[in-house]
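Q: Single-letter residue listing:
Number of protein chains: 2
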Amino acid sequence: MSTAGPPIRGPSVKGIPEGDNRERMICAECGYILYDNPKVVVGSVARWGERILLCRRSINPRRGFWTLPAGYLELGESTSAGAEREAWEEAQTRILIEGLLAVYDIPRISQVQLIYRARLIEERFAPGPESLEVRLFGWDEIPWSEIAFSSVHWALHHHREAQASGDFTTRTSAPDPATLARKAL
Amino acid sequence: MSTAGPPIRGPSVKGIPEGDNRERMICAECGYILYDNPKVVVGSVARWGERILLCRRSINPRRGFWTLPAGYLELGESTSAGAEREAWEEAQTRILIEGLLAVYDIPRISQVQLIYRARLIEERFAPGPESLEVRLFGWDEIPWSEIAFSSVHWALHHHREAQASGDFTTRTSAPDPATLARKAL
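Going down the list, the protein sequences come from chains G and Y.
Mapping of the first sequence onto the numbering used here: residues 128 to 312, in sequence order.
Mapping of the second sequence onto the numbering used here: residues 128 to 312, in sequence order.
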């Protein structure tokens, strides 16, 4: 590094590149333009019998809180393959994907979440490196006050509603607040 | 730039960062790590009456071929807002979104496409900077041999099938080849 002053680490200056119509982050050192885009999160509501698999997070944000096995889609990966990989990485379990439960837009954090319905192939799971604990929960046992993210609430309720009604169409927005308030059916 | 040799432009060296389990592109100059992820494409099959809006591309890839108004989702944008923006940018038209027609995984190019069903708010459209021409096509008028991408074929057929059957559930994979071969119903 040749310049004085604080170290520059990658694209850290705002500017509108030629032919573009938005500000992008540009590297002051080499001119590299970062075309940053929203990220895709893939995951699953995976059941064994009537119980749902949840993972207690070993990492921040929301360390110690319960979540679905889910994470960022990787390059070259299909969304269903990504959901299977996350179930393996976070809960050391193999799942069988049944359909796309929901697509949740979370523009505030530039995420699109795709959550699949799935079942465990066998009753075998264990915490991966990002989990403290992995467990199956009946609906009435779910630790509602210790759920990591709103979208986990949404997916659990959408899954419950789909199983009860037999309507497996893909959900595209959060359930209404009255439904979410109804923790125990 | 301080080093001799060919210019380095941004993350251009492969390496596995500490605590990660995959190769990422790293900038040899400043150590910046690029966490590149799949991109989300949002678009619509938008109709006016029975006819569908298509845009003839003014840019590569596939310049001169016909496509749906679609493009990359931007940071901080919901997928439906992105589809509306693309209809405006590419076809200078306002659309009303009706539902999520399809989610297509295209892992070969690390894309997830979300295609909405929509209708034009008024019969008013014009080519934006990325289009040579914008037109409404009845099913029998669609220029099948000049369609830009496979996923445009998929979405047109899925849309046709949904309108005919009244089954508006979100499609998650390409239609079968026999359906695709049936250009004129």
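Calculated directly from the structure, the hints in this document are not laboratory data.
Don't take every hint at face value.
Note: identical chains are not told apart, hence a pair may lie in one copy or across any two.
[As the list claims (entries may be wrong)] Simulated crosslink set (SDA-like; lysine to any residue; CA at most 20 Å straight-line):
(1) Lys166 x Val261
(2) Lys141 x Gly203
(3) Lys166 x Pro234
(4) Lys166 x Glu250
(5) Lys141 x Phe264
(6) Lys166 x Arg149
This structure is a prediction, so every number in the text was calculated from the model and none was measured.
Q: Now, for every hint given, state plainly whether the structure supports it.
A: Quick rundown of the hints versus the structure:
no., hint, in the structure
1, Lys166 x Val261, "neither (25 Å within a copy, 30 Å between copies)"
2, Lys141 x Gly203, "between (29 Å within a copy, 17 Å between copies)"
3, Lys166 x Pro234, "both (10 Å within a copy, 14 Å between copies)"
4, Lys166 x Glu250, "neither (31 Å within a copy, 34 Å between copies)"
5, Lys141 x Phe264, "neither (47 Å within a copy, 42 Å between copies)"
6, Lys166 x Arg149, "both (18 Å within a copy, 17 Å between copies)"
Consistency with the previously given hints fails for numbers 1, 4 and 5, ordered from lowest to highest.
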